[in-house]
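**Student:** If you want the building blocks of each chain, they are given just below.
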Amino acid sequence: MASLEQLKLTFFDECSELLQQTETGLTDIKNGQDTDEAVNAVFRAVHSVKGGAGIFGFEALVEFAHVFETVLDAVRRGSLTASPDVVDVLLAASDVLSDLVQMSRSGEAIVPGFGSECRTALEHLMARDKTGDAASQAGESAAPADFDGIEFTPVRADQFDGAAANADGIRTFQITFRPKPELLKKANEPLYIVRELRKLGELDLVAATDELPGLAELEFDRPYIGWTGTLRTTAAREQVDEVFEFVVGDCELGIEELADANSATLVEVPQSPPLAMEEPSAVTPAAAEKTAGSSAPGGAVNTALSAANPGHVPAAKPAATTTRIELEKIDRVVNMVGELVISQAMLGQIVNDLPEGTSNRLAQIVEEVVHHTRELKDSVMSMRAQPVGSVFQRMPRLVRELATKTCKKVRLEMSGETTEVDRSIIERLGDPLTHIIRNAVDHGIEAPADRLTAGKNEEGAIRLAAEHRGGRIIIEISDDGAGINSDRVLKKAQEKGLVGADAVLSDDEINNLIMLPGFSTAEKISDISGRGVGMDVVRSNIQDIGGRISLKSERGRGMMIQLALPLTLAVMDGMVIKVAQETYVVAMSAIVECLRPARSDINSLIGTRGMLKLRGDLVPLVSLGDLLNLNSTADESDDCVVIITEAGDGKRFGLVLDELCGHQQVVIKSIEESYGSVPGIAAATILGNGRVAFILDVEKLSDLAASASPNVAIAAKKASAAKVAIN
Amino acid sequence: MPNAIALKVLIVDDQNSVRQMTRMTLEEIGIRQIHEAENGHQAMETAAVQPLDLIISDFNMPEMDGLGLLRAVRGHPVARKVPFILLTGRGDRELVVKAAQAGVNNYLIKPFTAAILRQKIEQVMGKLS
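Chain order of the listed sequences is E and L.
Number 727 marks the last residue of the first sequence (the numbering used here); no jumps.
Number 129 marks the last residue of the second sequence (the numbering used here); no jumps.
It should be emphasised that the hints constitute simulated quantities derived from the structure, not laboratory data.
Treat the hints with care, as some may be off.
[Unchecked claim] Here chain E is said to cover these stretches of chain L; the calculated rule only asks that three of the stretch's residues, wherever they fall, bring their Cβ under 8 Å from a Cβ of chain E:
#1 18-24
#2 75-82
#3 114-126
[Unchecked claim] Once the Cα atoms are required to be at most 27 Å apart in a straight line, the calculated DSS-like pairs of lysine-lysine come out as:
#4 E:K199 with L:K81
#5 E:K186 with E:K199
#6 E:K199 with L:K8
#7 E:K199 with L:K127
For glycine and all other residues, C-beta sits at the position ideal for the given N, C-alpha and C.
Sequences and hints are given; from them, build the entire structure.
**Tutor:** Quick look at the structure:
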């Protein structure tokens, strides 16, 4: 049996969902989808929060929810129109409710007067309610045991005949039964028949005793007593027939359905024992009106599959069965699977090293183990996977509040909320995403008047989208605001000494300057986006989780920021490579292409490895041996391997190495605790041979190469110029 | 005088936390044979095959609300006579009138104490032993 505390937790979990429904529903209504169903759903959600809060004793929550619910009821009944300004008040109320739930959950003392501004707004709305019902309802404080002012008498079960005032579907059968002499001999008992009939409904019988002889003549094994009477039932004729099926030959039986003036709509109930309707229900016009008239909130009409209402039977949503598990337990399993992956890799290694043909069977089984381990890993990782929606759902409220604060009109559109990503990423995604969206509202979207002048919609739009692409999760935040003011950015960067006074930079490069540390162009430092700790912190946050951030901006049209994140921080598909005698691992998702180029395709430049001619493009090459200070023979040999990959800014470059050793799943072990953050090294792993290998941070490598040798930057520029020339 | 421990009761509510609290309250007054359903359809499935002595249902549920369930029960050949108590909120006065017309036995305003629950049940079933 669940304890009270556990039930409270369950209640708060329910509240999260209910609050989400409320917010989504109100947003839909604001966007014009104000169907009855949407309004009802919002009302029900708030009502449920209030109900539960009452049961568990969260008084402040109950009180606010009650006022909120009362206004929603007025909207639902149609006595208050859900105009945009009304919906805005309701949205604010859902925020307050959400805060109150949060405070109740954490046990925080609720400041008296919390949300009073919103509450006053709600009360003003109630005063608008034409019927005036709302005000009277809000007046009730403590829950009474009984409603006063209505006529209601409890109906006792034993006095209950089950008849509804609007008798629905009750038929009356006239039954006459006279047993023949053999009835008892065939082991039939008339009493059972009476009992069965009783189960079907109301039985009213009169015994027919005319065949009863005197006591002296009575034969013990002969039935004498018949009966006639009426049965009032909702059952079909077949069911009545069924009761007599074993005695049909041994009695005189008459069953006749009597016309009942009261029977109108036949209510067909789903899931019940076969209630075969012989003919479509004879729906009288009056009844049809009744079924059509009773709309929300009664779900009653939906269950009545009467001929007057063909069609929509609400399909029961298949609910996924869920259960609560402590995250710790899942993490333990993930760790264990990680170790298993390593062991399995080692096993694979050993088997590979065995002399050829030692045991095909062994190799086969190890293959299977590899396969199963991969499946196990995928399953376990999917347990940790959560939809990004859980991070996204904080954003609408953020945008609402910021827009109000900055007196701007902003709309947030989201897509891809169901895209799943490992918990570890989700946890680190919140802050950078919040910051980017704040920037978009604060700096990106212009004031309504300015937008109109620019020929745009008064309301700015921010689009937040997530999708899986190429083994990563791509999150795009775009807006239709003013874009980056590259002139101002360049000037500021020069003022702060971040860039040389005579540097020549492309627009893209200028725009990327905003991600440098210490950068902020806000004339007055608004408390919203802070003082210049903005985009560079965002960038390092993203890079810390192995992700990549890029941005594009069009002056006057808007800006787009793209985050490319790994799907998980725990395990990845890696390519094992060799540089000199050292083994490293590169993420498969970072590899665009692998090749063994012909010597003739490589042009040398001083200081860098060279340039690679690849299908008409020129791709700059970086020697890993050089970069990592190893004596790589690849530099000289004709036989080298090049991995084409993408740098942080999306530009392609090639890594030159000695050997490709194969690909395998690697468990990512962080080295930050022991070594801190090492540029170029993302993490470490244990290979199949039991040795430690570093996982290279490919995107950073290109930065390193560029900073180590300015020639690479020049080379990259030349390559893109050359590409333009070639094309 | 029905024996509390012999009573078979069905609780219908879409909120799990509320269902559990209602269950706990029923157990407080000695009722042990408790079925649960989270919506009207499930409730009808149970009512059609299980002999029940009482149905306690919330009103506020999606798809089929408490009133709809009441009507479905009252129209069902097997379950139609099962006593029905409807859970309502503080403001649901008119609802009770409609429910009476549809054949409800009693109503209960949320939140309720064990004492009031008992009182309402006894009004329908007679004194519980």
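**Student:** Verify the proposed pairing of K199 of chain E with K8 of chain L, using a straight-line Cα cut of 27 Å.
**Tutor:** OK: K199 of chain E and K8 of chain L at ~18 Å, within 27 Å.
**Student:** Do the alpha carbons of K199 of chain E and K127 of chain L lie within 27 Å of each other, as the hint requires?
**Tutor:** Holds. K199 of chain E to K127 of chain L sits at ~26 Å (cutoff 27 Å).
**Student:** At a Cβ distance under 8 Å, does chain E reach at least three residues of the region 114-126 of chain L?
**Tutor:** holds (count 7)
**Student:** Does the region 18-24 of chain L contain three or more residues whose Cβ lies closer than 8 Å to a Cβ of chain E?
**Tutor:** holds (count 4)
**Student:** At a Cβ distance under 8 Å, does chain E reach at least three residues of the region 75-82 of chain L?
**Tutor:** holds (count 6)
**Student:** Has the given pair, K186 of chain E with K199 of chain E, been kept, meaning a C-alpha gap of at most 27 Å?
**Tutor:** Judged against 27 Å, a Cα distance of about 23 Å means the pair holds.
**Student:** Taking only the CA atoms, is the gap from K199 of chain E to K81 of chain L under or equal to 27 Å?
**Tutor:** 10 Å, holds
Of the hints listed earlier, there is not a single one the structure fails to meet.
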